[in-house]
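Residue numbers (our numbering), protein chains in the order written: chain A, 485 to 698; chain B, 485 to 698; chain C, 485 to 698; chain D, 485 to 698.
For the record, the hints were derived by calculation from the structure and aren't laboratory data.
Built from N, CA and C at the ideal position, the CB exists for glycine as well.
Heads up, none of these hints are tricks.
Some chain A residues flagged as far from chain D (calculated, every beta-carbon gap over 10 Å):
(1) Lys506
(2) Gly668
(3) Glu669
(4) Asp686
In silico PhoX-like links for lysine-lysine, alpha-carbon gap of 25 Å or less:
(5) B:Lys575 - C:Lys575
(6) A:Lys688 - A:Lys506
(7) C:Lys575 - D:Lys575
(8) A:Lys575 - D:Lys575
(9) B:Lys575 - D:Lys575
(10) C:Lys587 - D:Lys575
(11) D:Lys587 - C:Lys575
(12) A:Lys683 - A:Lys506
(13) C:Lys575 - A:Lys575
(14) A:Lys575 - B:Lys587
(15) C:Lys575 - C:Lys587
(16) D:Lys575 - D:Lys587
(17) B:Lys506 - B:Lys688
(18) A:Lys587 - A:Lys575
(19) D:Lys506 - D:Lys683
(20) A:Lys575 - B:Lys575
(21) B:Lys683 - B:Lys506
(22) B:Lys575 - A:Lys587
4 protein chains.
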Amino acid sequence: MFILVNLKAYPCDPIAVATAAKEVADESGVRIAVSPQAAHIERVAETGVETWAQHVSPNGYGSFTGSTLAEAVADAGAVGTLINHSENRRKLADIDASIQAAKNADLETCVCANNPRQTGAAAALGPDSVAVEPPELIGGDESVSSADPDIVENAVSAAAAVDESVDVYCGAGVSTGEDVVAAGELGAEGILLASGVAKADDPKEALEDLVSGL
Amino acid sequence: MFILVNLKAYPCDPIAVATAAKEVADESGVRIAVSPQAAHIERVAETGVETWAQHVSPNGYGSFTGSTLAEAVADAGAVGTLINHSENRRKLADIDASIQAAKNADLETCVCANNPRQTGAAAALGPDSVAVEPPELIGGDESVSSADPDIVENAVSAAAAVDESVDVYCGAGVSTGEDVVAAGELGAEGILLASGVAKADDPKEALEDLVSGL
Amino acid sequence: MFILVNLKAYPCDPIAVATAAKEVADESGVRIAVSPQAAHIERVAETGVETWAQHVSPNGYGSFTGSTLAEAVADAGAVGTLINHSENRRKLADIDASIQAAKNADLETCVCANNPRQTGAAAALGPDSVAVEPPELIGGDESVSSADPDIVENAVSAAAAVDESVDVYCGAGVSTGEDVVAAGELGAEGILLASGVAKADDPKEALEDLVSGL
Amino acid sequence: MFILVNLKAYPCDPIAVATAAKEVADESGVRIAVSPQAAHIERVAETGVETWAQHVSPNGYGSFTGSTLAEAVADAGAVGTLINHSENRRKLADIDASIQAAKNADLETCVCANNPRQTGAAAALGPDSVAVEPPELIGGDESVSSADPDIVENAVSAAAAVDESVDVYCGAGVSTGEDVVAAGELGAEGILLASGVAKADDPKEALEDLVSGL
Numbered sequence: 485m486f487i488l489v490n491l492k493a494y495p496c497d498p499i500a501v502a503t504a505a506k507e508v509a510d511e512s513g514v515r516i517a518v519s520p521q522a523a524h525i526e527r528v529a530e531t532g533v534e535t536w537a538q539h540v541s542p543n544g545y546g547s548f549t550g551s552t553l554a555e556a557v558a559d560a561g562a563v564g565t566l567i568n569h570s571e572n573r574r575k576l577a578d579i580d581a582s583i584q585a586a587k588n589a590d591l592e593t594c595v596c597a598n599n600p601r602q603t604g605a606a607a608a609l610g611p612d613s614v615a616v617e618p619p620e621l622i623g624g625d626e627s628v629s630s631a632d633p634d635i636v637e638n639a640v641s642a643a644a645a646v647d648e649s650v651d652v653y654c655g656a657g658v659s660t661g662e663d664v665v666a667a668g669e670l671g672a673e674g675i676l677l678a679s680g681v682a683k684a685d686d687p688k689e690a691l692e693d694l695v696s697g698l
Numbered sequence: 485m486f487i488l489v490n491l492k493a494y495p496c497d498p499i500a501v502a503t504a505a506k507e508v509a510d511e512s513g514v515r516i517a518v519s520p521q522a523a524h525i526e527r528v529a530e531t532g533v534e535t536w537a538q539h540v541s542p543n544g545y546g547s548f549t550g551s552t553l554a555e556a557v558a559d560a561g562a563v564g565t566l567i568n569h570s571e572n573r574r575k576l577a578d579i580d581a582s583i584q585a586a587k588n589a590d591l592e593t594c595v596c597a598n599n600p601r602q603t604g605a606a607a608a609l610g611p612d613s614v615a616v617e618p619p620e621l622i623g624g625d626e627s628v629s630s631a632d633p634d635i636v637e638n639a640v641s642a643a644a645a646v647d648e649s650v651d652v653y654c655g656a657g658v659s660t661g662e663d664v665v666a667a668g669e670l671g672a673e674g675i676l677l678a679s680g681v682a683k684a685d686d687p688k689e690a691l692e693d694l695v696s697g698l
Numbered sequence: 485m486f487i488l489v490n491l492k493a494y495p496c497d498p499i500a501v502a503t504a505a506k507e508v509a510d511e512s513g514v515r516i517a518v519s520p521q522a523a524h525i526e527r528v529a530e531t532g533v534e535t536w537a538q539h540v541s542p543n544g545y546g547s548f549t550g551s552t553l554a555e556a557v558a559d560a561g562a563v564g565t566l567i568n569h570s571e572n573r574r575k576l577a578d579i580d581a582s583i584q585a586a587k588n589a590d591l592e593t594c595v596c597a598n599n600p601r602q603t604g605a606a607a608a609l610g611p612d613s614v615a616v617e618p619p620e621l622i623g624g625d626e627s628v629s630s631a632d633p634d635i636v637e638n639a640v641s642a643a644a645a646v647d648e649s650v651d652v653y654c655g656a657g658v659s660t661g662e663d664v665v666a667a668g669e670l671g672a673e674g675i676l677l678a679s680g681v682a683k684a685d686d687p688k689e690a691l692e693d694l695v696s697g698l
Numbered sequence: 485m486f487i488l489v490n491l492k493a494y495p496c497d498p499i500a501v502a503t504a505a506k507e508v509a510d511e512s513g514v515r516i517a518v519s520p521q522a523a524h525i526e527r528v529a530e531t532g533v534e535t536w537a538q539h540v541s542p543n544g545y546g547s548f549t550g551s552t553l554a555e556a557v558a559d560a561g562a563v564g565t566l567i568n569h570s571e572n573r574r575k576l577a578d579i580d581a582s583i584q585a586a587k588n589a590d591l592e593t594c595v596c597a598n599n600p601r602q603t604g605a606a607a608a609l610g611p612d613s614v615a616v617e618p619p620e621l622i623g624g625d626e627s628v629s630s631a632d633p634d635i636v637e638n639a640v641s642a643a644a645a646v647d648e649s650v651d652v653y654c655g656a657g658v659s660t661g662e663d664v665v666a667a668g669e670l671g672a673e674g675i676l677l678a679s680g681v682a683k684a685d686d687p688k689e690a691l692e693d694l695v696s697g698l
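Take these sequences, add in the hints, and give me the full structure.
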C-alpha cells in the first residue's frame, strides 16, 4: 500500500509534514510520499522523504512561461507527479501529453479521475496509476471506502479491463487506519489524502494511525 | 460508411452545403451529415439533412450562460454532436459529462482524439464513436489514410480493446473518394471532413466524388 | 434604461419569453432584449424582439470548430452579445478579441465584470457597455442595488474614469420595478436579469413590473 | 530601467544565469531580476539575485492542488511575479485575483498584455507594472522598440490614462543595449527578455551588453 500526502496550498509547514512522513515510512516500512507546492519540492526532498509534484505541464523544454516543467520538478527532487487532480482538471490531450512529459523526466505518474468511466479512460493513456476520487467526498469526513465502496471496486475493474498494469489508488475522506485497510480490501493499491495529515495537530500521529492496520 | 461534413466557422453558405449533402445522401444511399454553427442548426435541419452540433457543453439545464445546451441543439434539430474536436479540446471530466449530457438529449456522440492512446481513452467514456485526427494533418492536402495509415489501424485496435461497440471514424486531409475507400479498408466506419466540401467550388460534386467508391 | 433578459440554459420556452418581452417593450417604450441559447437565436429573433447572443468567440471566420462565430449569430438575427459572463469567464486577451470580432459583425457588446476594478479594465477594451454583477448575488433574492449599492456607484465611476462613452449595467438579484429604479439612481444605464423573468410563472407580468417605475 | 530575465522552461542552467545577473547588477548598479521555474526559485534566490515567479495562481491558502501559491513562491525567495504572460494567458477575473493574491504575499506584480488596449485594462486592475509584448515579435530577432515603436508609446499612454502610478515595461525581441536604450526613450521603465540571455553562450556578456547604454 502506497500513501501519498497531498499538501495542496495548505498553510502547513511542509518540512514538518515531510519529516514526520519520512520517520513513519522508515519505522513502518510503508511507502509514504509527500506532494508539496512546486516551490517547496527541493526543501521537502532534502528531508529524504519520497517527493511528488502536484502537477506537471504537457510540455517539455521550450517557451512555456508559467508552466510546471517535468524536468524542473525532477531536478528539484521529485520522483513522481499527480496529473489532473479534481482541483486542477485538465484537457484529455494535455493529460496524455503530461504523462509523456513526466515519463521523459523519469517521474512516476498518477492521474486522478472522478469515477470508474474516467478511471478506464485515464488507464488507457498509460500512466503508472489512476486515483479515483469522487469530488463530492473530497475534504469530507466520510471515507470513499465506506461511503461509496462500489466506486472503488468499479474503478479497479475499469482500469483492469483496459490495462492490468495500471494500479488504482483511492482518495476522498480517508483519515484513519481502518479506512486504509478497507480501501485495500476493495482492491486499491494506494491512498491519496490531504487534510487528514496536513491539517492534523500532530501529522506523525495521524500517519502512524493510517499505517497501523497494514 | 458515414460522412460528416464539419462547417467549422467557415464563411460558406450552410444551406447550400446542406442541400447538396441531402441530395447526394438521397441519391447514393450513403449516410451524410452536416455540422454547422449552433446558430445555423435550425436552418440546416430544415433542409432535411442529418444535422450535428460541433460541440455540446458538459451541463444540463441551469445557470450556464454561454454554454451550448444539448437540449437546445436537439430542439433546433441536431441529432448528433462532435465533442473535443482538436480545435476545441476539452477536459477529460467535461468530455465525460458532455457525453452524458448529449445522451440525455438523445444526441449521437462522436469524441475526437489525436492519437490511438486518446482514442482508447475516449472509447472508455462510452460515446457512440471516436474520430481520430492527427492534428498535424488537419486542413492539409494529404489524407490520414495515406499519410499515416498505422494511426487509423492502431486507433481501431485501441478502441476495440476497450469497447467493441464504439465505432472509429477518421479525419484530417480526406478529400477524395479514394481516401474514403482507403479509410474504410483500414477499419474506419466514418469520415470527418471539412474544407474538402465546405470550401469546394461545387460542394455537391465534391460529395459525389467522396461517395463514388462506396 | 435597457433591460436584458438572459435565458442562460434554463428549461424555459424561449419563444414565450421573447413574445412577452416584445409586447412589453412595445407597450412601455422601454428597450428590452432577450438572450437565448445560440441554437434558439433565429427563432427568438423572428418574434421581433431585440435578440442578443450569450457569448461570441474571439475568432472570425476560419477553422474554429465549436466556436460561436459572431457573424453566425448576427446572421441568425442577434444584434448584440454578452461577453465574459460570470458563468463563462474568459481570458483578458480573448475578451479583447471577442469585442473586436463582435464589432466586425456589427454586434453591440456588453462585457460582464465582478467588481469595480474589473469594470474599469473591461471599459479599457472599448465595449459598448460593462455589466457589473457580484458573483455572490447572482441568482439570489436580494438586488445588487440594495445589497451592495456602493459596488454599482464605484463601477460607474471606474468605467467613467477610463472611458466616459462606456455605459454601465448592473445585474444580480434584480427582480422588481423598485430594483430597476434604484439601479438607475445609482447610475446604471441598464439591467441584466435572468431567473426573475425566465423562471416567472408569467414572464409578461414580471416584465411589466420591472418597467413599471420607468 | 529594470531588466527581467524570464527563463521560461528553457534547458538552461538557472544558477549560471542567476549568478551572472547578480554580478552584472552589482557591477552596473542596474536593477536585474531572474524568473525561473517555480521549482528553482529557492536555488536561484540563494544566489542573491532578485528572483521573480513566472506566475501565481488566483487563490490564497486552501484546497488548490497544482496551483502556484503566492505565499509559497514568496517563502522560497521570490519578491515579484509575472501574471498573464502571453504563453500563459489568464481570465480577466483570475488576473484580478492573482494580483490581489500576490499583494497579500508582498510580491511585486507585472501583468503582461498584447497591445495598448489590454495594457490599459491591466493597469485598471492595480498591478505595479504592465509589460506590453506583441505576440508576433516574441522570440524573434527584431526588437519591439524598432519593429513597432508605436505600440510601446501607445501602451505607455494607455496605462497613464488609467493610472499614472503603473509602470510600463516592454518585451519581445529585445537583445541589445541599443534596444534597451530605445525602449527607455519610448517611455518604458523596464524590459522583459528571455532567449537573448537564457540561450546566450555567455549570459554575463549578454547582460553586460544590455546594460551598456544605461
